[in-house]
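Engineer: Sequence order for the protein chains is A and B.
Start counting the first sequence at 0; every next residue gets the next number (numbering that gives the first Met the number 0).
Start counting the second sequence at 0; every next residue gets the next number (numbering that gives the first Met the number 0).
Among these hints, one or two may not hold up.
Rough simulated footprint, nothing fancy, chain B against chain A, three-plus residues with beta-carbon under 8 Å [to be verified]: (1) 92 to 103; (2) 118 to 126; (3) 166 to 177; (4) 221 to 228.
Rough simulated footprint, nothing fancy, chain B against chain A, three-plus residues with beta-carbon under 8 Å [unchecked claim]: (5) 22 to 33; (6) 45 to 52; (7) 144 to 150; (8) 190 to 202; (9) 206 to 217; (10) 241 to 253.
FYI, nobody ran anything at the bench for these hints, they're computed from the structure.
Cβ coordinates follow ideal geometry from the N, Cα and C atoms, glycine included.
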Amino acid sequence: MAKKFQELVKNSEILRRYARDFYIYGFKDREEFTYGSKRSYDNERRRIESFFSEFIEIDYNNGKKTLRLAIDGHRKSENPFQRLWKSKSFTKNDIFLHFVLLDIFIDQQKFTIAELVELIDTDYLSVFQDDYMLDPLTIRKKVKEYVALGILQENKQGKTLYYQQLPRMVLSENVLQAIQFYKEVFPVGIIGEHLLARETKIQRSPYVFKHTFFHQTFDAEVTLLLLQAIHQQREVSFQTYKQNDIQFLPLKIYSSCESGRQHLVGKLKGKKRLYSIRLHTISHVKLKAVNPQTVLYQEQLLKQKEVVWNAAIANRPTQVLKVFFSIDEEKEVYLIRRLEKEKRQGDVTRLEKNRYLFQIKLADMVAITPFLRTFFGRIEKIQCTNRLWEKQFWVDYQKMYSLYFEEEVQR
Amino acid sequence: MPLFHEIYGQYFAIAEKVLQQLPMNKNEIQQVIEENGYGETLFHFADAFFNEEDAWHLVKQDKECYHSILHQLPQRPVTLLEKQWLKTMLQDDKISLFLTEAEQLHLLNQLQEVSVLFGPEDIDYYDQFQTDDRFHNTEYQRNIHLLVAGIQKQLYLEIEYQGLDNQVNVTHRIKPDKIEYSHKNNKFRLKGKRQTKKGKWENCLLNVSEIQTVRLLKQHFENNSVQRITEKSITCLLKDQRDTLERATFHFSNYRKVTQKLEDEAMYQLTIFYLAQDETELLIQVLSFGPFLKVTAPNRFIQQIQYRLRKQREMFYPKYLDQ
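Construct the complete structure from the given sequences, taking the supplied hints into account.
Structural biologist: Encoded structure:
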């Protein structure tokens, strides 16, 4: 018999991939999803429709149904994708013991496992007429789990193990308000969301956000593990879409504020140079041993960072780029400000009235192309030691020109 | 210490809420579930909550009413992972905008036993713009605190403002609405309504970095007027070369957008919805994609691109491309 559909899931990985596709792409039909069986597609789609019902849009193209998550990321106080991390499945023992154990441990009283078994039986289960019972092993396992979660603590007195609740933490109104901010902009903000969810009364958030990328939430677990590994200088193993078992020394997460794309930068085991891997393709991260050489590689990254424009850590000889701009200082101050704010490690010099020079040394010129295109209409001249790139830059410009002036070009 | 754990789950949160409010009848409980659950939650949750046979055994029915079997009102304690995240949050360079030094110290004392999850040096926001917001400046911090107080208490504000291009301060009477933070600009702005000379209220957006002083007035305002938002859209043709499809769908993912596959191979249509005030920013983003993204509507937007391309041709353009 087919298994009954459940709204909750044991593993978030598949859901993470489907939800991202519905949000980022939003044009794939059922046949184009290749992560699992057609049945898996149906189940995940149904879950996503349930979790994000108010954001679902459906299209029919050539008789094929496509579903997308349509969310305007601008100026929202809340990231709806945090719901994905609230969908873990559980057993009836899990939920029963959660509430009953917390009820028993409400003050700082200590109990042994045997006392707990007795108490659960007499004070809680006895009100029911059915034969629902919990064996001591299940209770012990749950208590140990709550010790690991940092809710209970274990103490030894003589040969006996006692358990009690850790002192309760109360969060002030201002701390809650800080969390309202950080849960939307800080790594693994979902933890902040969890903290707020446990409060009974909370003021409306005074903040809204621009340039936040909701899809980064899908990668929260991977991000958390990788950041912990980086901080503890540990190696990790993980899977990507292409490869099953990658051994890696993570050094830094490169996160783009402009596009929301995130990369893990570090060293592949057995290779000398540094690599960057798109974070959303990473899964099944496991923390491994501390690597005492991490500091050396961090220094290598720091050195390479000086000649890298984005997260593509190129290992090529450095090239020099000079871009001369013509900017009206009286009417276009905002452009000078843009150059200053967006130059990264580059230099901006005023040559004379209305003439500015932007200079930078980079190992990979291709990375800076999109930035320079945003200044079309102001570029007076480009000088680059990479002539091939320079030519490609203008060839692309010409193609773009032809796109928008087709008739003129044809003449 | 897993992040994906049922104690953080919505079902546990709903159960906690219900248990806090019991005794209730079935309809009242169902209402709580419906208000807090997802599309299909009521069906799955109610089944396990009420059914005595295979139930969660957290409630006992007495005639029409359900009673909690717990002796206390439940509230989930803060977990170790959450404490670690809080301690990590305290390291951020903007923390003083939210918590005074004494508050930071108090929180830090509560978190003495735990370690941070990561440090600010472990993540690099390499394309974040240089900001002129002075997060460490006490005046700036004070202004933010007053703005938040104004928003939460719905009090009129008197703000002295000096725009970057102005030499003199202008005093505005403001109904504050929200503080907007842009991660890309690393900048705070105040959204609200400003009183014009004629006494009318108009939408305004003020850079907090250019606010000189904030004065909290004693008078409350009613927040009954909804800000009028003009949404616009552009339609583009996207050619999936050099990974453009993935780059563009990610890049524009913070706008509401619709992507459709076209019959021609590797061609897609992208419709992006945006607010009128973000038009220049969107134009810049579109330009950055070069010849792989062509705006096909509206004409007014196309003309802006054409203007820049033509101006570039007039200013500089390598002659060898014409050969």
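Engineer: Against the structure, test the hints numbered earlier, and report the numbers of the ones violated in rising order.
Structural biologist: none
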